[in-house]
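Sequences and hints are given; from them, build the entire structure.
Protein sequence lines, in the order shown, are assigned to chains A and B.
According to this note's numbering, the first sequence holds residues 504 to 667 in order.
According to this note's numbering, the second sequence holds residues 120 to 268 in order.
Hints are supplied without guarantee of correctness; some may be wrong.
Quick list of in silico lysine to aspartate or glutamate cross-link-like pairs, DMTMM-like style, CA-CA up to 20 Å [unchecked claim]:
#, chain 1, residue 1, chain 2, residue 2
1, B, Lys205, B, Asp244
2, A, Lys641, A, Asp629
3, A, Lys605, B, Asp207
4, A, Lys625, B, Asp163
5, B, Lys205, A, Asp629
No lab work stands behind these hints: they were computed from the structure.
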Amino acid sequence: MIQPPTLVPSRGPGREYAMPRSGKTTVQVLLVEDSPDDADLMLKALHEGNLPVCVSLLEDGEAAIAFLRREGQYEASPRPDLILLDLHLPRKNGYEVLAEIKQDPDLRRIPVVIMTSADSEKAFVDAYNLHANCCVSKPVDQDEYSRAVRQIERFWLHVARRPS
Amino acid sequence: MQAMINGGKRIEILLVEDCRDEAELTMQSFADGRVRNRVHWVEDGEEAMAFLRRQGSHAAAPRPDLILLDLRLPRMSGHEVLAEVKQDPGLKRIPVVIMTESDDEKDILSAYDRHANCYVTKPVDMDKFIEAIHSIEEFWLTTVHLPAA
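Right, dumping it as C-alpha cells:
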C-alpha cells in the first residue's frame, strides 16, 4: 500500500521538514525517495549543513510531478531550489520524472541530483542522457551514505550557483 | 576507496579556458587531487568542438569524462559550445561544469536552460579561486558517478 503523501507545515511526523534559522533565505529541497530509511539518513545529513533547509519529502513519482506543477493538494507547494531524486519509485519511476522535468521549459532549470542504488552503468548513462545534473551512487555503508549527502549539500548549496 | 568510485580509471577532463593563468591554476589544482586525472586544455570554443569531434590536430583526442567550460571565449562562446554539446546525442551525457567570472542571473538561467550540469562563479581572490576549483574536483571526481563513454 502506498501512503498518499500529505504536506504538513511542521516537523514531527509530517512530510515537510523545516529547520528555520533567522537571517538567511531558506533553501527549498524536494526529496523523492520511497525508502523511509534512506529518506531519514538524507534528512539528517541535509540538516547538518549551515544553511536553513526546508525539505519536502515525497514517496512516488506521480506525487513529485503534481508537487512541481502545483496540482491538486500541492497547489501551494514551494518551487524547489534543488531536487534529489531516486530512480526506483512507485507509480512513476525516476527516469519518467526526470524526463518530464527536463522537457518542461519552466522546470528544466531546477538542478536534479539522482541518488540511486542501481549498479548498472546503463542506469547512469540513461539518466545523464535525460539531462540529470549529476548522479550519485548510494553507498551501502551508512557513514559513507551520510558523507555523500553532505557532499551533495555542500556542493549544491554552497559552491554551485543555482538558478533563482 | 573513494578513488575507485569511477572504476579507478584515469579521468579525462577537457578544460576550455582562454586565460592562461586561470588554466594553469586549474590544472595544478586537479593534478594535486586524489583521483587520477588528466586535463586537456584548449583556449577557445571552436577548438573545444574540434577536440570533442576529434577533428584536425585533435584526431587522437580521448573522449572527456567531464568538461570545464568558461562562458566568455574567443571565436565561439561557452553558451554556443554548451548548446552544441547538449544537442549532440553522442556528447550530451558528458557533464559540463560552467566556470565563469559572470554572476549575471541571465547567464545562470541560460546555462541551466541549455542543460549545463552546474554553474560555478570563479572568485576573483586567488585563494578562493583555488578553493572553488578544489570543491569542483572533490565533488565531481570523488562523489559523483560519471557516465561511462
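Now for the hints, and whether the structure bears them out:
no. : hint                   : result
1   : B:Lys205 with B:Asp244 : violated (31 Å)
2   : A:Lys641 with A:Asp629 : holds (17 Å)
3   : A:Lys605 with B:Asp207 : holds (16 Å)
4   : A:Lys625 with B:Asp163 : violated (32 Å)
5   : B:Lys205 with A:Asp629 : holds (14 Å)
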